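Colleague: Residue strings, one per chain:
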Amino acid sequence: MGQDKRASVIGGGSWGTALAHLMAASGADVRLWMRNVERVAEVNEQHTNSYYLKELPIHARVVATTDLEEAVRFADTMIVAIPAKSFRSIAFEMGAFVTGDQILLSATKGFEAEHLKRMSQVLREETCARKIGAISGPNLADEIMAGQPTATVVASPYDEVIDVGARLIAGPTLRVYGNYDIVGVETFGALKNIIAIAAGACTGLGLGANSLSMLLTRGLAEISRFAERHGSDRLTSIGLAGIGDLIATCSSPLSRNNSLGRKLAEGLTLDGALATMHKVAEGVNTTNAVHMHAERLGVDMPIARGVYQVLFGGEKVSDVLGTLMSRANRYEHTERPIDEPEPISGSVVETALAVAGRRHG
Amino acid sequence: MRNDLRDAALVELRSRIVDACIAQAALDDGLPLDVLINDTLYHEKKRLETDRESPVRAQDAAFWDGVKSRLSKAGDSELKELLKGIVERFTEEIRGNFSPWVYGMATSVMPKALPLLLNALSPKRLMSRGMPDIAETINIRGNVEGLRRMNELGTVILAPTHVSNLDSPVVGWALFAMGLPPFTYGAGLNLFTNPVMSFFMRNLGAYRVDRRKTAPIYKDILKEYATVALEMGQPNLFFPAGTRVRSGKIEDRLKLGLLSCGLRAYINNLARKQDRPNIYVVPCTLNYHLVLEAETLIDDHLRIQGKSRYIIDDDESSRPRKILQFTQNLVNLSSRISVNVGDPLDPFGNAVDPEGNSIDSHGRVIDITRYVSDKEGRPTHLPQRDRVYTREAGESVGRSFKVHNVVLSTNLVAFTLFEMVRHRHRDLDLYRLLRTGDEGTGVTVSELTRHVAEMWDAVAELARKGEITLDSRSVSSGDATVIVQSALRHFGTYHTRPVMVRRGDRVFTEDMNLLLYYSNRLRGYGLERELQRALAEAS
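Going down the list, the protein sequences come from chains A and B. If you read the first sequence in this note's numbering, its first letter stands for residue 1, the second for the next number, and so on. If you read the second sequence in this note's numbering, its first letter stands for residue 1, the second for the next number, and so on.
Keep in mind the hints are simulated off the structure, nothing from the lab. Quick caveat, the model's predicted, so the values are computed rather than measured. Yeah, the Cβ is synthetic: ideal placement off N, Cα and C, and Gly gets one too. Check the hints yourself; a few may be wrong.
[As the list claims (entries may be wrong)] Derived DMTMM-like pairs: lysine to aspartate or glutamate, alpha-carbon spacing no greater than 20 angstroms straight-line:
#1 A:Lys-5 - B:Asp-374
#2 B:Lys-213 - A:Asp-76
#3 B:Lys-465 - A:Asp-159
#4 B:Lys-46 - A:Asp-76
#5 B:Lys-375 - A:Glu-114
#6 A:Lys-117 - B:Glu-395
#7 B:Lys-80 - B:Glu-145
#8 A:Lys-117 - B:Asp-360
#9 B:Lys-375 - A:Asp-159
[Unchecked claim] Here are the computed distance ranges between Cβ atoms for each label pair:
#10 B:Arg-378 - A:Ala-96: 24 to 34 angstroms
#11 A:Ser-251 - B:Asp-19: 26 to 36 angstroms
#12 B:Gln-532 - A:Ser-50: 24 to 34 angstroms
#13 A:Glu-45 - B:Asp-367: 14 to 24 angstroms
#14 A:Asp-233 - B:Lys-219: 38 to 48 angstroms
#15 B:Lys-219 - A:Lys-279: 51 to 61 angstroms
#16 B:Asp-367 - A:Tyr-180: 20 to 30 angstroms
#17 B:Glu-355 - A:Ala-96: 48 to 58 angstroms
#18 A:Tyr-331 - B:Arg-378: 57 to 67 angstroms
#19 B:Arg-426 - A:Arg-35: 50 to 60 angstroms
#20 B:Arg-503 - A:Glu-350: 46 to 56 angstroms
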């Protein structure tokens, strides 16, 4: 069945390479596009991508190329795994060759900062493709390459995209779930990186399970608020792309955003911490973008605000933690402070009684 | 549609529907024909219980009694005969009667008679009184050339916003004025009940749609009729809002029915290798200084929104008088109905260049046949995929509506005044605000004018960015004094209570609901925030 499955991955980072490997393993012929000539040669000759994935072997049906046109024209389905920052310019270049029958899947977990565009929206704007989807879930590339079992979500409004995407990447160690809520799946994929930075900071401060659990739960609450405001389905937050991905990223030392947080807690500045890493931590840009838009939209996101203050405001992790802990106690679901009276509504008599009661109380 | 074409369309339609019913019945999880017929019978019986007005009620009842008695002992071939009979009965009433002679006559009479056509006035009164010259009143603007061109290059679906019962005749006349042929469209039976209206509707390309008929097969028939007509190259008119917009807002929730017919017709055209396979969707906005039914519409809107919280305590005056007032306003106030034609789109919502090619956001030509081809390059229908395509096309139409919405003086001034009153009572919720109104205090003319000037700056900025359109006469001068005067003149005369009225140096709101209605046309552009900020600074 191999000959009629032709796929490309645009972007040869760790996740892009892992996805290329998975598709080749499921029987597809795969082109892997990347800019770096030496790494292309390494993939084609040694079948490794040691810069990102050490010595982990890559399937022989993965052929790397620096020719974007070739990679686009070759495939029926493309997965785009480019850092959010350069996503649009590559998508624009792809747009010259993409045709309306091709399927495009984004595997990038991030937003475009200025207008908070999701990556699938960028694909839609820069190409003529319509059959667009996104892949997201608890998918640390190194664990996947090591053959450890996990699951992921392919999200798209199109059945066809979910079906083709699932068939291409599913295998003995990867289960695929479909979801129509592409807004939610992409939004959680991007937002969880903010919480991952905070989780890393928590670990870096030497805090234990209680603290981490509080952070994850309240983190999920605030990113869900933000996601729902953008039209996400509430159920997506408790799925693989929501809490699933959040648990993985926040508990694994392999996560870049998590390790960034740890370094910040250890006292490094943002620039200092980033200088020690050679992979992109999407959470940095996401924090910036989300912080800006949350303020504008009036969505309360205290943890994101705290991460922002550490990343860009030069504040110390322990100080920010102190501020977060001293916030007013609140109702868990409505966010109303516990010491604030219930809003006035209903009958005039009740209103009058409540006001009188307050005066005495 | 020409009579010979229409008859051919009906033959094609019947065989498609009957074949589809039989084909799906053969599937494992399909609906067996007896169940399908029974279900249709049930829906029709139910309708006949309440639908006492129908002129063909007795015939209908007899027909369905016949179906019922035959159904109980029908074998396979008898079931198919019954099905054919039902389909034939439903399709027959769709039949219009287009006559070129009547069309020619109608379009020359229309300029004088249009306003009267719309209501239950007697034919005798049709020609009486001094009616406004329609060419002066209806202002056609926008990409008219694009519409004409696409009508040559392929088949057009014209998709206007829906404000008033005046819309269909207004569009009908506008098409004529633009040198276009009559467009086919499905109009509710209520528009056919008045003999004058019916005469014109039937002869201007309208076919009848009975909204009381709820049988699923009837809806399938209507959709497939539009599809067949499009495939035969017959342009269609379709109001994507489905019904008149109650709130006065520019509609963003669209019904996608006929857009999906456009896509289906396109795929069928490709499969049959038709020489002009393309279908183009041309959105268009209709904007009125004053809306004939504004009072009823906003009342209905508030009732639905507010449920029991809102109680109507005011009846509308009788209709014929309203019509006369309305038409007199058109004459005396140089009132305007603006028809703003948007840029053409393909059935997927992509923009289209002047040669009719679909283009992406960077102007690169798209081969849209690829959207619907299978691996071997054959055009195919995939209902789930096609529903998403249609939804996306609907989003493009919605965006076009917003951009081509024309700002008239009445909207701009109503919006400003409403927000001023709201600012003064910012502790009240909407329903209390509507009841309280401006409490008889009003605002000074100079205050109103100043804020209208600020709002004008804001909408002019939006217009420069291509996000909205300014009316070339009543608004685009930018002179706030003139704009306020124009709005006051319109608002003072037509409605039961004036929307706003000037006494001395103050302007008073007399009807908060209508003020809300006319202001709503400018919602969705973020203008509230700017005005509220300016008001907060001023106070």
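Colleague: Output the numbers, in ascending order, of every earlier hint that fails for this structure.
Modeller: Violated: hints 2, 3, 4, 5, 7, 11, 12, 13, 14, 17, 20.
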